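For the protein sequence lines, the chains are Y and G, in the order given. Just so it is clear: in the first sequence, position 166 is 166 by the working numbering, and no numbers are missing. Just so it is clear: in the second sequence, position 18 is 1018 by the working numbering, and no numbers are missing.
Worth flagging that the hints you see were computed from the coordinates, not collected in a lab. All of these numbers come straight from a predicted model, not from anything done at the bench. Note that CB positions come from ideal geometry on N, CA and C, so glycine has one too. Hints should not be assumed to be uniformly reliable.
[What the hints assert, rightly or not] Example chain Y residues on the side facing chain G (calculated, C-beta under 8 angstroms, incomplete): (1) W42; (2) R47; (3) Y50; (4) L54; (5) Q68; (6) L74; (7) S76; (8) L81; (9) N83; (10) F119; (11) A122; (12) G125; (13) R145; (14) A152; (15) L186.
[Said to hold, decoys possible] Here are the in silico distance ranges between beta carbons for each label pair: (16) G/A1053 x Y/G77: 23 to 29 angstroms; (17) Y/A107 x G/A1033: 27 to 33 angstroms; (18) Y/P171 x G/E1017: 37 to 43 angstroms; (19) G/L1064 x Y/G77: 38 to 44 angstroms; (20) Y/N83 x G/L1059: 25 to 31 angstroms; (21) G/A1057 x Y/R142: 54 to 60 angstroms; (22) G/R1019 x Y/G77: 19 to 25 angstroms; (23) Y/R82 x G/R1070: 26 to 32 angstroms; (24) G/R1049 x Y/S134: 21 to 27 angstroms; (25) Y/R35 x G/A1042: 36 to 42 angstroms; (26) Y/A130 x G/A1042: 55 to 61 angstroms; (27) Y/R35 x G/A1057: 36 to 42 angstroms.
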Amino acid sequence: MVAMVEEVGGLLAVAESSWGDSLRAPFAALAAGDRDALEAIWLLASRRLYALALWRTGDAEDAADAVQEVFVRLASGRASLRNVESPHLWLLAAAHHAAVDATRRRARRRTEPLADATFLVAQEGDPERAARASELSRAVARLPRAQREAIALRHFGGHSFREIARATGVPTFTAASRCRLGLARLRRLLGGKP
Amino acid sequence: MSDLFPPGLEPPSPPPELRARVLSAASRAFDAAPEHDAWTRALSSPVLRLAWAASVAVLGAAHLFVSLRRAAPPPDPVSPEIRQMARLPRIDVRSLPDEAAPTPIRAEERS
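When you get a sec, could you build the whole thing from the sequences and use the hints?
What follows is the structure, encoded as structure tokens:
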């Protein structure tokens, strides 16, 4: 299964429906007690989950903790996975909750303010694109966490507002509003039209 | 995708060392998780839950049906004791012979 998954490559480019469908087999295998299914799920989902957690928490370390938490939950509650209807929404919701928890833990610890996280990177080593990615990252860092998360799920995950709403536990209208307001604010921060 | 995000930009990939860390933690959790026995699996089975709910609903409906068909008769306002007394043969004093007839109570006996 892992070899089959590795052939997929370019995970963010995989169409949404096929991503959800491709997770069904590893979820079923994990529920049946196949440990290798964890690695298959990692290959299919880690980039999306890490992106969601990073845009939600605004910190690479917290995002890594959140992704780890998702996989621990997967492994420890594997028996209940056979009843999961939408594995991709299960994973996104788990990553959302883990990221929220990581943010709360950090707030309780009252550590020093976060350094600017890198929210976007250029695929190739193009300096112009890298500069644009850096400029956008600085602007994205100034958005509220919920708006950042909605934008990441919508524009880089390719999810519908309904799916974003289900993953983040808010009404669909709220998910759409967060996305719209976040983009409007981002435009203002970048000096573009409102 | 919004025009704010030109093609070629995307969120960063997870750091390479994260894969080993996450899979190791997940593997430990996998080993620590209790294996569910047949009873636990049966109790968490949606099909069996549905069957259980359906049987409770059928039993409830059957109970109502039987109760309504064998409705108890309305309660009698007259108690059984009084009804029995009413059924006693009545004695007509006038038909009794003189020696069996009750003697009227005289006024001086009353006091």
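Hold the hint about Y/A152 up to the distance rule: shortest CB distance to chain G must be less than 8 angstroms. 6 angstroms, holds
Per-residue hint verdict: Y/L74, partner chain G, C-beta under 8 angstroms: Since the shortest Cβ distance to chain G is 6 angstroms, the answer is holds.
Interface hint status, Y/R145 versus chain G (Cβ within 8 angstroms): 15 angstroms, violated
Is the hint on Y/Y50 kept, meaning its closest Cβ partner in chain G is under 8 angstroms away? Result: holds, 4 angstroms to nearest chain G Cβ.
Tell me if the interface restraint on Y/G125 is satisfied: Cβ within less than 8 angstroms of some Cβ in chain G. 11 angstroms, violated
Outcome for the supplied range 36 to 42 angstroms, where the beta carbon pair is Y/R35 and G/A1057: 41 angstroms, holds
Restraint: Y/N83 near chain G, CB-CB cut 8 angstroms. Satisfied or not? 6 angstroms, holds
Can you let me know if the beta-carbon spacing of Y/R82 and G/R1070 is within 26 to 32 angstroms? 46 angstroms, violated
Hint Y/W42 vs chain G: min CB-CB distance below 8 angstroms? 6 angstroms, holds
Range first: 23 to 29 angstroms. Now tell me if the beta carbons of G/A1053 and Y/G77 are that far apart. 24 angstroms, holds
Given the hint of 25 to 31 angstroms, is the C-beta distance from Y/N83 to G/L1059 inside that range or not? Holds, since Y/N83 and G/L1059 (Cβ atoms, about 26 angstroms apart) stay within the stated range.
Between Y/P171 and G/E1017, does the beta-carbon spacing fit 37 to 43 angstroms? 38 angstroms, holds
Of the hints listed earlier, those the structure fails to meet are numbers 8, 12, 13, 23, 24 and 25, in rising order.
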